[in-house]
Amino acid sequence: MNRLDQYASIVGEDVIDQLRLLAAQLKGLKVVHVNSTREGGGVAEILSWLVPLKQELGIDASWEVINGTPQFYQCTKYMHNALQGNHIDIRESLLKEYERINELNAETLRSKLEEADVVFIHDPQPAGMFAFCPGRRGKWIWRCHIDLSRPYRPIWKFLRDRVKSYDASIWSLSEFAQPLPHPLYLVPPSIDPLSAKNVEIDSKELIHAYDRFGLDRRRPIITQVSRFDRFKDPQGVVRAYRLVKSFLPIQLVLAGGGASDDPEGEEVLAQVRAIAGDDHDIHIIVLPADAHREINAIQRISDIVLQKSTREGFGLTVTEAMWKGKPVIGGDTGGIRLQVINHHTGFLVTSPEGAALRIRYLLKHRGHLEELGAKAHQFVLENFLITRHLREYLTLMLAVLSDNQDRIEVS
Amino acid sequence: MSETFEVKDCALIAISTGEYAQTLRELREKVLTAPPTSIYYHFWGGLLRPRFDDPEFQNDFAIWASHSLHDKALAERLALIDPSDYPDIENLRLEVLDTLEERLDESERLSLVTADHRFYFVRSQIVVFDTSRRLTAPEELVSAIPSLSSGSIFYHVIDARRRLPENKDDFTIWISSFGPDYQELVDRIAEVDPYFTNLIELREELSTVFMDFFRPTRG
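In order, the protein sequences belong to chains X and R. Under my numbering, the first sequence has 312 at position 312, and the numbering climbs by one with no breaks. Under my numbering, the second sequence has 195 at position 195, and the numbering climbs by one with no breaks.
To be clear, the hints were calculated from the coordinates, so they are not data collected in a lab. Please note that the accuracy of each hint is not assured.
These stretches of chain R come out as covered by chain X in the derived footprint (C-beta under 8 Å, 3 or more residues) [what the hints assert, rightly or not]:
1. 11-19
2. 98-108
As a list, the in silico DSSO-like pairs of lysine-lysine whose alpha-carbon atoms are at most 27 Å apart [to be verified]:
3. X/K375 <-> X/K364
4. X/K375 <-> R/K72
5. R/K30 <-> X/K164
6. R/K8 <-> X/K27
Built from N, CA and C at the ideal position, the CB exists for glycine as well.
Use the sequences and the hints to build the structure in full.
Here it is as structure tokens:
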């Protein structure tokens with residue numbers, strides 16, 4: 001059975017038939033995706049399913065990863081933080097390194113990129129390559145996965161100069177979209193229900209997970225899965241846990257890994273370890289980027305999942321938890337707001353105190369916890385699986401190739 | 001002789017207009033100048049995009065008035081606007097403007113209230129494609145409807161009203177061409193309200209209508 005047929009058993013035959021019909025219009029099209037890391041982080045995860053599915057649908061899709069230097073990744077990490085609102089002025093030498101690496105990678109990939117019918121450039125890291133591919137013949141689309149709702153303007157201006165000439169851009173939410181002189185498509189991301197991170201796991205393996213991570217099966221588990229990043233507010237999560245701990249015997253899991261393009265993670269991890277101190281009920285679990293099945297098991301054995309971010313692109317860890325029938329207590333920001341619907345799929349909070357209050361409420365009202373979890377699963381099934389995401393990519397490719405008319409009829 | 005029915009499908013893709021509002025007065029100004037596809041999207045687009053089915057409010061303006069402006073009275077009035085009652089987008093826009101202006105007239109204070117979150121104006125592009133599926137007689141709809149994608153339901157029921165001067169769905173127009181024997185079926189389809197529902201429920205409602213009409217006991 002091919003991959004698409006397997007999804008049909010989850011989302012329905014009609015959904016898969018629709019994808020095949022849309023893709024029939026794009027058969028043989030050369031499509032290239034470019035990002036900065038093969039593993040770790042939401043973008044690499046999306047590309048790891050998106051590209052093979054496009055291939056299965058007859059599109060000549062490929063995925064290229066740029067190579068950088070430590071200085072380049074330092075620059076793009078600063079850029080990432082500045083674009084999410086931190087006032088960070090990046091040294092001229094680092095910005096020059098950004099340009100140099102983009103030029104070098106463009107040289108390596110030039111013939112492939114210039115020949116492609118559609119090029120998707122993901123996030124700021126490879127965005128500068130556009131200027132170094134003057135012979136491009138296809139449409140170039142910049143895909144922004146970051147919360148750009150309140151960027152630090154000098155850095156946004158630097159990036160804007162590099163993306164404004166693209167044919168279109170894609171944003172996860174309308175509040176992230178910044179004015180640019182081309183169509184600003186809105187496409188929320190999604191999860192793959194058949195990936196190691198989301199596939200069903202049997203009870204034997206779940207029991208093994210308790211033992212492996214030293215967790216007590218009899219007491220509630222509250223979990224946050226994310227990179228160790230300031231915007232994910234792991235310190236706030238520890239504070240919320242402590243506010244609940246004095247009333248209920250809960251355990252906290254902070255599970256995450258690093259990504260090869262994130263040099264700041266170690267520093268944040270050290271700070272969280274220091275705050276946790278010698279509390280044996282705080283489990284800081286650092287996993288390699290490919291520990292998808294372990295993350296899956298941790299989410300499934302949790303009672304409640306937190307994502308207390310203060311800034312968030314979309315929050316795929318929220319989607320994953322909801323798919324597993326867990327209510328999510330999330331920060332009232334970015335894509336979390338699109339997924340966590342107060343009193344329906346979880347709760348939105350703005351402080352550690354708010355998170356603590358909701359944890360206590362849900363653990364006290366188990367029936368409501370189950371009800372919210374069931375609604376959360378259904379909401380993801382209908383809206384945030386890769387089949388919807390794939391449909392939107394196919395649709396926007398057709399739209400961009402048809403010169404952006406409001407109504408496009410294809411035969 | 002009646003023509004065959006060409007089953008089509010469609011997909012919507014959302015595009016930010018870059019415009020937003022954070023007060024009621026700003027909303028009124030932006031509604032005045034928003035592209036027609038944006039007004040359409042905020043009433044009908046929710047059917048084909050990720051959105052939690054709000055049990056109370058069906059259009060984006062009403063949801064924003066309730067959740068971000070916390071003006072329940074306005075939200076209720078906006079929620080009552082059924083886009084299928086209006087012959088075109090411009091008439092629908094005027095109704096929204098009337099509702100917003102009426103609320104602004106009631107209290108000067110309301111124009112100063114800042115919403116918790118902005119209302120972002122979005123427009124859409126629609127891509128329509130042929131499924132190669134053809135129907136030659138109305139009876140075939142009984143087996144066809146349950147297997148149609150939500151995009152097909154949107155195209156033939158919702159989009160048809162914007163596309164066709166008769167302001168009717170494609171099924172009604174096609175079935176009517178088979179003569180007076182099917183008038184009862186046409187009337188039953190007209191009773192299905194496409195607005196206060198989602199596409200899966202709408203498909204089920206239509207399916208029930210066709211199944212009931214073509215039951216073997218008939219005639």
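| Any of the earlier hints contradicted here, and which numbers? | 2
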